[in-house]
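Input sequences plus hints: build the corresponding full structure.
Going by the UniProt record's numbering, the letters in the sequence shown line up with residues 1 to 282, in that order.
Treat the hints with care, since some could be wrong.
[To be verified] Calculated cross-link-like contacts (lysine-lysine; reagent style BS3-like; alpha-carbon spacing at most 27 Å):
| no. | residue 1 | residue 2 |
| --- | --- | --- |
| 1 | Lys83 | Lys197 |
| 2 | Lys197 | Lys208 |
| 3 | Lys197 | Lys79 |
| 4 | Lys197 | Lys82 |
[Said to hold, decoys possible] With beta-carbon atoms standing in for the labels, derived distance ranges:
| no. | residue 1 | residue 2 | range |
| --- | --- | --- | --- |
| 5 | Ala141 | Val162 | 18 to 26 Å |
| 6 | Pro188 | Ala28 | 45 to 53 Å |
| 7 | Asp165 | Asp26 | 42 to 50 Å |
| 8 | Gly56 | Gly198 | 33 to 41 Å |
| 9 | Gly232 | His87 | 22 to 30 Å |
| 10 | His154 | Ala28 | 40 to 48 Å |
| 11 | Gln196 | Thr58 | 16 to 24 Å |
I should point out that these hints are in silico values taken from the structure, not numbers from a laboratory.
The structure displayed is predicted, hence computed values, not measured ones.
Glycine included, every Cβ here is placed at the ideal spot set by N, Cα and C.
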Amino acid sequence: MAVYAIGDVQGCFDPLRRLLDKLDFDPARDRLWLTGDLVNRGPKSLETVRFVRGLGATAVTVLGNHDLTLLAIAAGHVKPGKKDTFHDVLDAPDAAELIDWIRHLPMLHHDDALGFTMVHAGLSPHWDLDLARTCAAEVEAVLRGPDHADFLAHMFGSEPRVWHDELAGEERLRHIVNVMTRMRFCGPDGSLSFDQKGPPGSQPPGLKPWFELPGRRNAGLRLITGHWAALGYHRAPGLYALDSGCIWGQHLTALRLDAVEPPCCVDCYEMRKTKNRADQGI
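This is the structure in structure tokens:
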């Protein structure tokens, strides 16, 4: 059995199938992790959602910001943007079932046996694994509960930008969502900055990529993330970032999780950078 993690698909169904063929992926034998953002901007969101849903327990997918946007649009709280392309999901005869399936996806996935944790964007520097799992469970409970439509109506917004243990209610849930699905750069105190979407080095002074903040409480984890296409396929101590920009004309990236060695030193990363990589351009 092989376990593969793949970066943001965003409706790029044909590249996904080509990549799985290249990996000789067998759903009866192998397992698949997906970093979220199954939908939007690409041409085949509907085919992607139906395919992944059809894999059942073979695949685990965490929620991304585009998936949450689809839920908010389906609930009538947001209008589709000019660049949004998930109308095929919304207009499908099985739309209600597909939306309900997306609504029940997790915010975070952790596997003790493999030693990996997957989240769409990242984790707050203030969170260890236990707190991150608690925060994820709080959002999941609301999304899956009877008041999910009200939550989706108040989910969007950029405040509060800094985590405090005292955060409660809508502000707490909104911050958790923003950390797990939108975060890229942070200030020294972990405050979120949403204006910069370029690669590391393009940000103004005082900001760092979230995974470079000193004292990060989750630095001992091995995190699988997506979301940051400008970062691309990126490996750093404790981080495997897999959004390599398929939607922008690049490729999908897969990492075989059961074949990744625990990191031994920073100097080894460049030598191992392509060892477990498989990609297929669109």
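Those earlier numbered hints the structure runs against, lowest number first: 11
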